[in-house]
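Protein sequence lines, in the order shown, are assigned to chains W and Y.
The opening residue of the first sequence carries number 17 in my numbering; numbering runs sequentially from there.
The opening residue of the second sequence carries number 755 in my numbering; numbering runs sequentially from there.
Keep in mind that the hints were calculated from the coordinates and are not lab data.
Please read these numbers as outputs of a predicted model, since none were measured by experiment.
Be aware that one or more of the hints could be misleading.
[Claimed, not checked] Label pairs and their in silico Cβ distance ranges: (1) PRO58/W with PRO878/Y: 18 to 26 Å; (2) LEU841/Y with ARG146/W: 35 to 43 Å; (3) GLY288/W with VAL860/Y: 47 to 55 Å; (4) GLY288/W with GLU861/Y: 47 to 55 Å; (5) VAL860/Y with ALA79/W: 16 to 24 Å; (6) GLN285/W with PRO878/Y: 55 to 63 Å.
[Said to hold, decoys possible] Taking lysine-lysine pairs in the BS3-like style, the calculated list, with each CA pair at most 30 Å apart, reads: (7) LYS347/W with LYS42/W; (8) LYS770/Y with LYS347/W; (9) LYS867/Y with LYS183/W.
Beta carbons are placed, not taken as given, at the ideal position from N, Cα and C, and that holds for glycine.
Letter by letter, the chains look like this.
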Amino acid sequence: MTAEQSYEDAGDGLAHPFVKPFDVQKVRNDFPALHQTVHGKPLVYLDSAATSLKPSVVIDAVASVYGRDCANIHRGVHLLSARATERFEAVRTQVAEHIGASSRSEIVFTSGATSGLNLLASTLTQAHVRSGDRVLVSMMEHHSNIVPWQLACERVGAMVVPIPLDKAGALSLEAYANLLDTKPKIVAFTHVSNATGIVNPVQKIAAMARDAGALSVIDGTQAVPHLEVNVAEIGVDFYVFSSHKAYGPNGVGVVYGHKALLDALPPYQGGGDMIRNVSFSGTTFADPPTRFEAGTPNISGVIGMGVALAYLRNLGSDARVHEKSVLNYAKTRLRELPQVSLVGDSEHQVGSVSFVIEGVHPHDVGTLLDKAGVAVRVGHHCTQPLMEHFGVPATVRASFGVYSTCDDVDRLCDAVNATVAFFR
Amino acid sequence: MDLGELYQELILDHNKHPRNFKRVAECTHHARGDNPLCGDKLSLELVFDESGRVRDIGFQGVGCAISRASSSLMTEAVKGKTRAEVLALFDLFHRMATAPMDAEHVEMAGLGKLEAFSGVREFPMRVKCATLAWHTLHAAITEGDSLVTTE
Ligand SMILES: Cc1ncc(COP(=O)(O)O)c(C=O)c1O
């Protein structure tokens with residue numbers, strides 16, 4: 017199946033045989049990695065927020081690039097290059113439609129969310145931030161939406177100012193409104209927290225930034241796999257995500273930028289493809305998105321991402337309803353366990369639940385759960401300021417995908433109970 | 755490999771009741787150790803007596819059962835030892851904890867109670883939990899006031 021075909025099938029939302037009712041067993045059959053044992057137990061994969069498993073259609077699409085359309089893009093006149101280029105560029109159009117961008121030229125391919133955020137921090141700071149200026153970054157960010165801003169601001173003598181959170185771990189809109197009075201140039205925040213699953217009111221945050229004259233940047237890495245994202249409705253200037261958390265290959269990501277704003281940005285990395293004309297008396301640069309895509313991109317990865325997003329679209333909103341019900345079941349069950357406390361419990365939550373077990377360090381929990389066949393993430397989740405906010409060094413995070421089930425949650429809770437007993 | 759071999763009774767006991775979990779007044783050497791992967795932090799203080807032996811040693815901080823027990827058992831093991839003896843024990847411990855999973859023979863002689871950590875090498879993700887305390891001690895006595903990390 018090519019990216020184009022599958023995307024067209026997705027158009028009416030009904031073409032897919034398993035849209036209604038949501039048949040999770042059928043979905044699970046699409047994911048070969050689910051069907052294995054670890055330490056002699058059937059795998060329970062609750063680490064989709066670190067990376068999602070990949071459906072066969074994605075694995076096959078990547079293989080088909082290397083096995084058939086193996087050529088560099090944008091430069092060959094031969095047929096293989098033409099086929100690869102066509103498949104690659106079709107994904108740009110598809111991504112634009114997937115996230116509600118108004119034009120395919122607003123979609124820049126990167127090597128992941130991290131590189132997308134570095135691209136934006138570097139170029140936006142160069143273009144818009146001067147010595148003494150401020151950039152606001154929320155306290156719940158992944159390090160990849162903190163450190164690039166620190167590095168870029170350091171270079172120009174600007175300041176990165178954290179937006180505080182309330183006790184429950186949600187962004188404090190009141191504190192944010194006050195910080196906007198200081199006239200920051202840029203506001204960067206996550207759509208969904210990777211550590212707690214808390215969903216930010218992105219529309220409101222973006223609108224407040226706009227009213228204060230600040231540019232807005234959203235890290236949508238944990239949102240794209242779980243929510244219907246529409247950048248126009250959100251009203252954000254820049255939106256970033258990674259393919260590999262949304263059922264696609266590793267090493268690929270997307271930066272959406274509003275066209276006029278992208279046009280005004282300087283290049284990020286120099287090299288092939290991103291130029292118009294190179295001369296030692298002065299080089300001119302290509303228009304976006306090409307300006308930001310120096311060098312040979314991850315061709316198979318981009319094509320695989322297209323298939324992954326089409327797969328997700330085909331599953332439709334039923335998959336989201338299913339995921340939400342598994343998350344809610346997990347929260348209910350975990351709350352019933354006396355030694356367990358949820359960290360960052362909110363009504364507005366998708367994809368992940370974080371918790372700690374009284375008297376047992378998350379690292380030990382991780383090892384015992386692994387032995388029980390349950391894969392979770394333990395640690396600070398690259399969100400040390402958020403951990404500090406909650407006053408914990410680390411948490412256990414169970415995260416879900418379209419293939420997750422309430423049985424997975426039961427296995428998790430059994431393993432948590434066994435862990436508590438082991439360390440009693 | 756079963757969990758009982760990683761979490762031996764001795765380790766569980768020292769996790770629950772860590773020895774020398776304290777600050778050391780008028781310490782002569784100290785260092786902090788961080789494991790950036792899990793956010794664990796350890797602070798270690800010790801004092802040598804006039805004859806060059808470890809008179810007192812204490813640790814503080816947060817960590818998993820393996821790292822707490824390792825710190826605790828380490829402080830017991832090095833008390834009364836000279837700097838050279840401590841460094842030799844460091845080597846021995848480090849070699850045991852990081853020996854390849856399929857190593858046919860791992861030298862244990864001289865480790866005493868520290869043999870309890872022989873299981874960690876079969877849990878590659880946990881080796882650093884066991885060695886953090888030792889790296890921190892190594893830094894404290896070879897580099898003076900310093901900060902080490904497992905990365
Ligand atoms: C919210 C968030 N932002 C950014 C990233 C970085 O993504 P990548 O590692 O794919 O560059 C992650 C991944 O852990 C994330 O969860």
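Against the structure, the hints come out as follows:
Between PRO58/W and PRO878/Y the beta carbon distance is about 23 Å. The supplied range of 18 to 26 Å therefore holds. Evaluation of the 35 to 43 Å hint for LEU841/Y and ARG146/W yields a failure: the beta carbon distance comes to about 53 Å. Here the CB-CB span from GLY288/W to VAL860/Y is close to 51 Å, well matched to the stated 47 to 55 Å. The beta-carbon spacing between GLY288/W and GLU861/Y, approximately 54 Å, falls within the hinted interval of 47 to 55 Å.
Checked against the given bound of 16 to 24 Å, the beta carbons of VAL860/Y and ALA79/W, roughly 42 Å apart, lie outside it. The hinted window of 55 to 63 Å between GLN285/W and PRO878/Y is violated, with their beta carbons roughly 35 Å apart. Distance hint between LYS347/W and LYS42/W is fulfilled; the C-alpha atoms sit about 25 Å from each other, no more than 30 Å. For a cut-off of 30 Å, the pair hint linking LYS770/Y to LYS347/W stands: about 29 Å separates their Cα positions.
Of the pairs offered as hints, the one joining LYS867/Y and LYS183/W is violated, with about 44 Å between alpha carbons and a cut-off of 30 Å exceeded.
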